[in-house]
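Novice: The lines below spell out each chain.
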Amino acid sequence: MLTSLRRWLDERFGWADLTAPLREKTVPLHNLTYWYFLGGITLFLFAIQVCTGILLLLYYRPSANEAFESVQYIMTRVQFGWLVRSIHSWAANLMIFTAFCHMFSVLFLRSYRQPRELTWVTGVVLLFLAMGFGFSGYLLPWNTLAFFATKVGTEIPGQIPLIGRPVMIFLRGGEEVTGATLTRFFGFHVAVLPGITTLLILAHLALIQRLGMSVPPKVEAQWRANPAQAREMRFFPNFLLRELMAWYIALGALGALAALAPWGLGTKAEPFAPAPAGIRPEWYFLFMFQTLKLIPAKIGPLDGEIVGILIFGLAGFLWLLLPFFERGGRGRSQRWIFGAGVFALAYMASMTVYGYLAK
Amino acid sequence: MDTWRSKIRLCILLAVVSTAVVRAQTVNTCVDCHSALDAPFQVTQDQFSQDIHAQKGLTCASCHGGDPSKADDSAMSKAAGFRGHIARKDIPTLCGRCHSDAVYMRQYNPSLRTDQYSQYLTSVHGKLLTKGDYKVAVCTDCHSVHDIRPPRDSRSRVHPLNIAETCGHCHADAAYMKGYAIPTSQLASYNSSVHHEALVVRGDLSAPTCSTCHGNHGAAPPGVGTVQNVCSTCHVFQAQLFESSPHKAPFEAASLPGCVTCHSNHAIHHPSDAMLGTGPESICTNCHTEGDGGYKGALEIQHDLAGLANSLQGAVQILDRAESAGMEVSQARTEQEQARDSLTKARVTIHSFDPAKVSQDIQAGLKLAAQANQAGVAALKERGYRRKGLGLSLIAILAVVIGLRLYIRKIEGSAV
Amino acid sequence: MGTEAPLKPDSQRRRLVEFFLGGGLLASLASFVYPVLRYLVPPAVAELGGDEVVAGRVGDLKPNSAKIFRFGSRPGILVMTAEGDYRALSATCTHLSCTVQYRNDLHEIWCACHNGLYDLGGRNVSGPPPRPLDLFEVHLRGDDIVISRKREA
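Protein chains in written order, with my numbering: chain S, 1 to 359; chain G, 1001 to 1416; chain C, 2001 to 2153.
Think of the hints as simulated: they come from the structure by calculation, not from any bench. Bear in mind the structure is a predicted one, so any value in this text is a computation, not a measurement. Worth double-checking, as some hints may not be accurate.
Below are the DMTMM-like pairs computed for lysine to aspartate or glutamate, each with C-alpha atoms no more than 20 Å apart in a straight line [what the hints assert, rightly or not]:
1) S:Lys-268 with C:Asp-2134
2) G:Lys-1357 with G:Asp-1341
3) C:Lys-2067 with G:Asp-1341
4) G:Lys-1089 with G:Asp-1032
5) G:Lys-1381 with G:Asp-1320
6) G:Lys-1248 with G:Asp-1354
7) C:Lys-2150 with S:Glu-66
8) S:Lys-268 with G:Asp-1320
9) G:Lys-1410 with S:Glu-243
10) C:Lys-2067 with G:Glu-1337
11) S:Lys-268 with G:Glu-1328
12) S:Lys-268 with G:Asp-1133
13) G:Lys-1070 with G:Asp-1032
14) G:Lys-1410 with C:Asp-2134
15) G:Lys-1410 with C:Glu-2018
16) G:Lys-1410 with S:Glu-232
Sequences are here, hints too, so could you generate the full structure?
Specialist: And the structure:
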């Protein structure tokens, strides 16, 4: 049956020619091959987010009066609503985690090198979009923690000189965090961000298909010296089957998390109640938040917080353009980039842990 | 030369006139000297400016006499009516001269009472003062002097939060109170009470302090027969139940002070169920002995209360477990809170000392607690169902993973 | 060492793979699809429950009387005034959270625990309560008396 379907498609769309590159695609085989999984898992988790997100859309109501109650409704009255919502919340965190892992593995395996600079750039933008998804989605249940985290989280960019205030008002839909903010974040979360992300994912994947899989420099050198050692695996079906195994295990992990540690509701946000002690953002923002907490109030003539925000902005911008700093060959620029990667990873990890332990 | 001299004369004239003008604006020259003196004569401008009397335009002379516009000793002349230091025995009459004059006080604060002095004369302090005991409290002992603030100012010594400390200044001082036949443990007792906790710790200004039960100007302890009238102004229900209870007549006959008999007057602690029954902390056994009706009643009541408290506790625990596992238990929580309300109500009903009445409230609460408990059990069952479902799907997923592994092996010929 | 164990015959191997893979895929897909299908069916209770509740029907209350109803997990009190209007308020006393009641002799809301009094607008008029009671909105929908929380701007 599959053969007759293939023939039908081929007669009309040249199916065999279209799928030829996929069937011939190979994946370099070396002891670091399994790091290639991370990108695929992130994509898989994104697909899960889209599916569970669409399901949640069937019952969620994006107004301050009803948001919390609608999530409560999903968790308690809709059949398996608890499962859909908990998977959505857990997969969101897992996806951002695997995205970070994917980015750092690309950095340390030096896959960002020429000709793959734009793959890196689209990838970093995708990471920022994922964090935007996380920030906008976190507010949607309209509980106390989310409300105040959003208040603090939109206050911080408001500090940027000149453009800060307009940006803050744009994000909040007003001066303060209100029902208008909720509606706006909902719009970002289900329409704007998915649209941009889909386009960028397609670009990212197209670049990967066009440029093939990168081989780590050490392995590359070995293979150049000894061509017989170079091994590769066919993507379809061998590598894909292995990836499917990983994806299925990820599904199992998600189900276990959803059933054993369902995502909580919290208490409904009351805008006029005082903020509870110990407000902090989700873990993927924690390293920035903790840094801002530790920065002294004044650095020379400048306000400490603004300096911190500008430094992070600059760091993000430079990170985006990372591959363009590498001047060909093995030299100082590679070591600088590698060092920057180690520093960034260590800094983010330790600041995140610190943020959790500090009270 | 001439112009120089006239210029100098002009300067001197200006200096004198300006000083005179400045002087004329300062109504109270007394403070100019007295701020530089040592205690007990020291009164600083800082201090006096906080005083409500100064703020209303009165001066030192309003109480002490003399001439506040003179900068020298003639300010304190007999001719100017100077009275000097006011003796303690004269203070109430001095304050009363204005504060009992309704027409005069109306100019400043029409809603202020003007019966403080007449009330004071009915108090223990007032009566003893009239008899010649000058150790007792007079106006300035509580209200301070020279920096008198209105009672609603939280820095005032007679603000509700501060009254107990003010009374305790004398009444907790054993050396000072030697010679009076009353104890000095009241402040310490009050500080251990629920009323103190409500007032000073929780900030509930409706909670009683010394003056709430004893009166402020007409301060005297309520009599044995009338103390429950004082308690019943807030604790209405308990007082009504007690009035029609079998304890009312015997307590009166034995001159027992009503509420205070079981709850104490100053050291009123949060009542516990252990005060009932026949255990080591029981108050009932102070009078009742084994075999009499009251002993049996005490046991019944305590048993009932303990039963509901336990059932409620069980419901709370199981609902907590269910809620932390993500289950919906709001209906059950309402029932739980209603059961708690029943328990609170029962703890009030015990003041009827009628086991049957208490039992009514308890039964209602037990039903509700049982319902809440059942809902918790159902929620945990649902949690179990979810875990079984998870287990099944994990088995299926494991099967797929194994299957994929075998399939890979097959197409690659055990090169995996 | 002795001889290696003989390889399983191909057909047996294929059946094993088919069993695990096919059976597993079917079972796991069922465990994904079944919850989704159940999810798509809207539950019987369409009300969200948090913002609105039916506290009773017209005729339940006589003038100058009240009843306690449940709003989420907290109690509310529905009063029919002597003039025949409905008032609905939170029934949790703002002093120490006892449940209040209506006094038809005082035409006010009373808390039995410490003699707190509120007027029918919820204002704390006497006794220990430090804050007024929250007011709810009352609407009549046919014969139902519907209580809802005040809307946020």
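Novice: Each of the hints needs a verdict: does it hold here or not?
Specialist: Here is what the structure says about each hint:
1. S:Lys-268 with C:Asp-2134: holds, 16 Å
2. G:Lys-1357 with G:Asp-1341: Answer holds: G:Lys-1357 to G:Asp-1341 is near 16 Å, not above 20 Å.
3. C:Lys-2067 with G:Asp-1341: Judged against 20 Å, a Cα distance of about 16 Å means the pair holds.
4. G:Lys-1089 with G:Asp-1032: violated, 28 Å
5. G:Lys-1381 with G:Asp-1320: Between G:Lys-1381 and G:Asp-1320 the Cα gap is close to 14 Å, so the pair holds against 20 Å.
6. G:Lys-1248 with G:Asp-1354: OK: G:Lys-1248 and G:Asp-1354 at ~13 Å, within 20 Å.
7. C:Lys-2150 with S:Glu-66: Cα-Cα ~12 Å, so holds.
8. S:Lys-268 with G:Asp-1320: Distance ~19 Å between S:Lys-268 and G:Asp-1320 Cα, so the pair holds.
9. G:Lys-1410 with S:Glu-243: holds, 17 Å
10. C:Lys-2067 with G:Glu-1337: Judged against 20 Å, a Cα distance of about 17 Å means the pair holds.
11. S:Lys-268 with G:Glu-1328: Status holds; Cα separation ~15 Å.
12. S:Lys-268 with G:Asp-1133: violated, 64 Å
13. G:Lys-1070 with G:Asp-1032: holds, 11 Å
14. G:Lys-1410 with C:Asp-2134: violated, 70 Å
15. G:Lys-1410 with C:Glu-2018: With Cα atoms ~11 Å apart, G:Lys-1410 and C:Glu-2018 stay inside 20 Å; holds.
16. G:Lys-1410 with S:Glu-232: holds, 18 Å
The structure fails to meet hints 4, 12 and 14 from the earlier list, while all remaining hints are met.
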